[in-house]
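Generate the whole structure from the sequences, applying the supplied hints.
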Amino acid sequence: MGGGSLSDPRYRPRRPRRPRTALVMLAAGAWLSGTSAIGAHDWYPPWCCDDKDCRALSEEKGETVREAPDGWHLWDGRIAARGSAKLSPDRKFHLCEEATTSAIICFFVPPGSS
Numbered sequence: 001m002g003g004g005s006l007s008d009p010r011y012r013p014r015r016p017r018r019p020r021t022a023l024v025m026l027a028a029g030a031w032l033s034g035t036s037a038i039g040a041h042d043w044y045p046p047w048c049c050d051d052k053d054c055r056a057l058s059e060e061k062g063e064t065v066r067e068a069p070d071g072w073h074l075w076d077g078r079i080a081a082r083g084s085a086k087l088s089p090d091r092k093f094h095l096c097e098e099a100t101t102s103a104i105i106c107f108f109v110p111p112g113s114s
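Its first residue numbered 1, the sequence shown is counted upward by one per residue in UniProt numbering.
Simulated from the structure, these hints should not be mistaken for laboratory data.
Among the clues, some could well be false.
[As the list claims (entries may be wrong)] Derived pair list, reagent style DMTMM-like, types lysine to aspartate or glutamate, alpha-carbon separation capped at 25 Å:
(1) Lys92 with Glu59
(2) Lys86 with Glu67
(3) Lys92 with Glu63
(4) Lys92 with Asp76
(5) Lys52 with Asp42
(6) Lys86 with Glu63
(7) Lys92 with Glu67
(8) Lys61 with Glu97
(9) Lys61 with Glu98
And the structure:
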């Protein structure tokens, strides 16, 4: 028989449903966008460089990389030696360089680069 009546001790009125899914999605999106901005480059090893010395390379800005037997040839003529390259966790090339001399401190390569 369903429903019940106000005199039935088991009767509990139904509360209106709230759009919880939208609220949860909004909260998750805000959390993810906040953490990706904060932790975007926190994986750089501190002994290698800090966040101000390192950055992802941008092909749109002409920062291209060509792989060669001796290492990775950068757009500006510098070469990152093959033995010194480290694996990039975000699948992008990253360069850490000394600000005044442009000396390469660390170079990160995507998985699959030899």
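Verification of the supplied hints:
no.	hint	result
1	Lys92 with Glu59	11 Å, holds
2	Lys86 with Glu67	14 Å, holds
3	Lys92 with Glu63	12 Å, holds
4	Lys92 with Asp76	18 Å, holds
5	Lys52 with Asp42	11 Å, holds
6	Lys86 with Glu63	18 Å, holds
7	Lys92 with Glu67	14 Å, holds
8	Lys61 with Glu97	17 Å, holds
9	Lys61 with Glu98	20 Å, holds
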